[in-house]
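Protein chains in written order, with the numbering used here: chain E, 412 to 587; chain L, 447 to 837; chain U, 5 to 248.
Any given hint could be a false lead.
What the hints assert, rightly or not - Anything over 12 Å on all C-beta distances counts as not near chain L; from chain E, calculated: (1) 460; (2) 502; (3) 520; (4) 568.
Claimed, not checked - Covered, in the sense of this in silico footprint (three residues per stretch, anywhere, with C-beta under 8 Å from a C-beta of chain L), are these stretches of chain U: (5) 7–19; (6) 23–35.
Bear in mind the hints are in silico, worked out from the structure with no lab data behind them. Glycine included, each C-beta is placed from N, C-alpha and C at the ideal position.
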Amino acid sequence: MNFDLAILSLIIAAGSIGAILFRDLVHSVLSLAVTFFGLAGVYLRLGAEFIAFSQVIVYVGAVAILALFVVILTRKGERAAESRFSADRLLPLAVCSMLFVGLAAAAWSSSIKSRPELASATASMRQLGRELMSSYVVPLEVLGLLLTACMIGATILALNDDRESNPDEDKPHSSH
Amino acid sequence: MIELADQLFVVLKREILALLPVAIQPLASVFLSIGPIITVFATLFAVTTILERKGLGRLQNRFGPNRVGPFGVLQPLADGIKALIKEDVVPLRTDRVLHFIAPVIIMAAALLAYSVLPFGRNMIALDLDTGVLFFFAVGASTELAIFMAGWSCRNKYAMLGAMRAIAQMISYEIPLILSTVGVLMTAGTLSTVGIVEAQGGFTGLFPNWHVFTPWGFAGFVLFLIAATAEANRSPFDLPEGESELVAGYFTEYSGFKFAMFFFGEYLGLFAAHALAITLFLGGWHAPVAFLDWVPSYLWFFVKLLGLIVLSIWVRGTMPRLRSDQLMVFAWKFMLPMALVNLLAAGLWRFTGAGPLGWLICGSLVAIAYVWLGSHMALGKPMPKRQYRFAE
Amino acid sequence: MLGTGLIKGMAETARNFAGSFFQEDRLTTVQYPEERIPTKEAARSFPFLVFDGDDAAKGLRCVSCQICEKECPPQCIYIVKDTTKKPDYMGKLQFQPKIFDIDVSVCMSCQICVEVCPFDAIKMNVEYEMSRFGRFEDLLIHKQQLAKPNEYFHKIHPTDAAEVDARLAAEKLKAEAKAKADAEAKVKAAAAAAAAAAAAATATPATGAAPKPKPATPAAPAAPASVDQPAKPAVTTPPAPSTP
Numbered sequence: 412m413n414f415d416l417a418i419l420s421l422i423i424a425a426g427s428i429g430a431i432l433f434r435d436l437v438h439s440v441l442s443l444a445v446t447f448f449g450l451a452g453v454y455l456r457l458g459a460e461f462i463a464f465s466q467v468i469v470y471v472g473a474v475a476i477l478a479l480f481v482v483i484l485t486r487k488g489e490r491a492a493e494s495r496f497s498a499d500r501l502l503p504l505a506v507c508s509m510l511f512v513g514l515a516a517a518a519w520s521s522s523i524k525s526r527p528e529l530a531s532a533t534a535s536m537r538q539l540g541r542e543l544m545s546s547y548v549v550p551l552e553v554l555g556l557l558l559t560a561c562m563i564g565a566t567i568l569a570l571n572d573d574r575e576s577n578p579d580e581d582k583p584h585s586s587h
Numbered sequence: 447m448i449e450l451a452d453q454l455f456v457v458l459k460r461e462i463l464a465l466l467p468v469a470i471q472p473l474a475s476v477f478l479s480i481g482p483i484i485t486v487f488a489t490l491f492a493v494t495t496i497l498e499r500k501g502l503g504r505l506q507n508r509f510g511p512n513r514v515g516p517f518g519v520l521q522p523l524a525d526g527i528k529a530l531i532k533e534d535v536v537p538l539r540t541d542r543v544l545h546f547i548a549p550v551i552i553m554a555a556a557l558l559a560y561s562v563l564p565f566g567r568n569m570i571a572l573d574l575d576t577g578v579l580f581f582f583a584v585g586a587s588t589e590l591a592i593f594m595a596g597w598s599c600r601n602k603y604a605m606l607g608a609m610r611a612i613a614q615m616i617s618y619e620i621p622l623i624l625s626t627v628g629v630l631m632t633a634g635t636l637s638t639v640g641i642v643e644a645q646g647g648f649t650g651l652f653p654n655w656h657v658f659t660p661w662g663f664a665g666f667v668l669f670l671i672a673a674t675a676e677a678n679r680s681p682f683d684l685p686e687g688e689s690e691l692v693a694g695y696f697t698e699y700s701g702f703k704f705a706m707f708f709f710g711e712y713l714g715l716f717a718a719h720a721l722a723i724t725l726f727l728g729g730w731h732a733p734v735a736f737l738d739w740v741p742s743y744l745w746f747f748v749k750l751l752g753l754i755v756l757s758i759w760v761r762g763t764m765p766r767l768r769s770d771q772l773m774v775f776a777w778k779f780m781l782p783m784a785l786v787n788l789l790a791a792g793l794w795r796f797t798g799a800g801p802l803g804w805l806i807c808g809s810l811v812a813i814a815y816v817w818l819g820s821h822m823a824l825g826k827p828m829p830k831r832q833y834r835f836a837e
Numbered sequence: 005m006l007g008t009g010l011i012k013g014m015a016e017t018a019r020n021f022a023g024s025f026f027q028e029d030r031l032t033t034v035q036y037p038e039e040r041i042p043t044k045e046a047a048r049s050f051p052f053l054v055f056d057g058d059d060a061a062k063g064l065r066c067v068s069c070q071i072c073e074k075e076c077p078p079q080c081i082y083i084v085k086d087t088t089k090k091p092d093y094m095g096k097l098q099f100q101p102k103i104f105d106i107d108v109s110v111c112m113s114c115q116i117c118v119e120v121c122p123f124d125a126i127k128m129n130v131e132y133e134m135s136r137f138g139r140f141e142d143l144l145i146h147k148q149q150l151a152k153p154n155e156y157f158h159k160i161h162p163t164d165a166a167e168v169d170a171r172l173a174a175e176k177l178k179a180e181a182k183a184k185a186d187a188e189a190k191v192k193a194a195a196a197a198a199a200a201a202a203a204a205a206t207a208t209p210a211t212g213a214a215p216k217p218k219p220a221t222p223a224a225p226a227a228p229a230s231v232d233q234p235a236k237p238a239v240t241t242p243p244a245p246s247t248p
């Protein structure tokens, strides 16, 4: 029995359930961050250190913070307390349970149970780097291009807002 | 004898472990690693508070605290007792859970960062293959805790302070990480032990530290500035500026939780300085060859104290940066500078460590610095004021 | 260039740091309980009563006219007049206060009591370390604590004290001179009256009008009645407006 994997799965499940069920949006984003930490723990358990820490840096340090900023900046007063169980929730509950049952059946009846435990990842950082630069260089470059496009798009969006609100500025000024 | 002095703590730990039963040895090993770290850095925190207050006082032509002990050295004790016995005021409408765990997470994150720092030869708590990445991952958790602290108070000043603090921290995370990539390229490993070992040896009079290269020097300065901003320390302490935002994101904290925030902030600063020493200043290596006999951990702490003194000095000198000035500095100066630094570090690998390397990489860094630092990149300087009624 | 400001600033603070150990005049801190800044002459904190001489009971200038009690805006002075009188610096018998209390928790140091006192009896002290443990009763200062000698007044407000002393001395001198003149006049009048009485007695012993011992109303205070005109003072008693 993989005790540590069981605990990590519990953390992930609890975090995700909390993310859905919490009334306060900030609480749900924070429990999502707990889920991310749990996932990082799973990666560590499997020996993928780089992925684990990148998960923390990217998801917790950037995505969760972004979600929090979105929640704060777009709130209009307190959310009205809604009841937990209403007719609205029956349909999604039904769909999700069917999905869960289907996936669990597929996983149970596959050959994963009978395989021996997966050996930890043995790739060191050097190997990872070499693979990225040799076998996986095209996806790497595409990712870089995608990120650059995102950054340029964000800058243009912010710049446009600036120009629209100050039409008589002919030069972009330094303060944002 | 020198060897023993140098490896004193390693040998001590091994001996104590040998005395314990085999079953609890892993657990005991963990405690024996982290116990000294926590004690030493807590003491360093206490020493730094009094050093800072007296140092700032002398820098500002006044005495620091000098009532509590001889020359005020027992002041941290008085501060600690005060923080412990103060009433813990929790406002009525705060989020109790978030309010409580925010300082806990800050402390935990700050202390976790020490596990990958080599304090001496063979003296590291966790020899990870990706130590530097672990350090930055832990720094990301700090931001979350600051947000929780600001949000739980339901106080607009606290919220503003938290937003500013997070904006500042994520803006300065990029130059922080980019300035270390040059070091990683040269050392070829993410492991902190490996990086320190790559800085051993001497070329002529100078040690092989990364700070003695053009890209290393620029990277060091960039790293220190970004680390100061990450730790919300003056001159970047707008989020906690007393005159602007009451106390920013920890307005509603009192007593011990407040002390926890301070503790966490200072510990984060020490960790960032310790990483700067590891990456740029050669870790626990001696600066001159004939002083090799001094134990390695002593060199580490001497360098750490030097950086702390530098940080106190800068705090006593510079006025606080405004929010927009801070952001402009991060995105328009430090980010391009860090990228140019990266380029210079890459070129250094091809030109090697010689006059040609210094010429090319040094001039690249210097030109970028001068151009970025001039007003062209940072925006127009403020025009001379025109007064309508006054003379 | 970016960064030169920081370097210059750091050099300046380094100079401050080094100088604070070696130059005496850099550190302007006054280590409070051990060193105190001497108070300025025009400083004021709470009132006190002045007495001349050594004995507070005998030399207290206050005559309990109660003007300060009435003029005090927050009404922090409480005076009860004593029934017995005592002589003041000029020898005249005046009232004295039996109880003179000032509540310094109420007093606002406005100095109005000092300004209205006609006898220069109440002046402003400069002592500021008046903290007490009791909140109400300890901050009510009584007559014995309020009375301080004139030398103390000289010490804390030398110019004022000198001016008051000079004025009081001048008045005393004038009063003495006047008293002497009056005494002389009285002696002359008595002598004149005696001479007139003698003359009248020898002339008209029946009319007892002349030897009316005219009270030596200071008819001509400045005019030194010449001795060789004995009759004049008795006859000529012009009701000149006496200016004592």
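Hints, verified against the model:
no., hint, verdict
1, 460, "violated, 5 Å"
2, 502, "holds, 32 Å"
3, 520, "holds, 37 Å"
4, 568, "holds, 15 Å"
5, 7–19, "holds (count 7)"
6, 23–35, "holds (count 8)"
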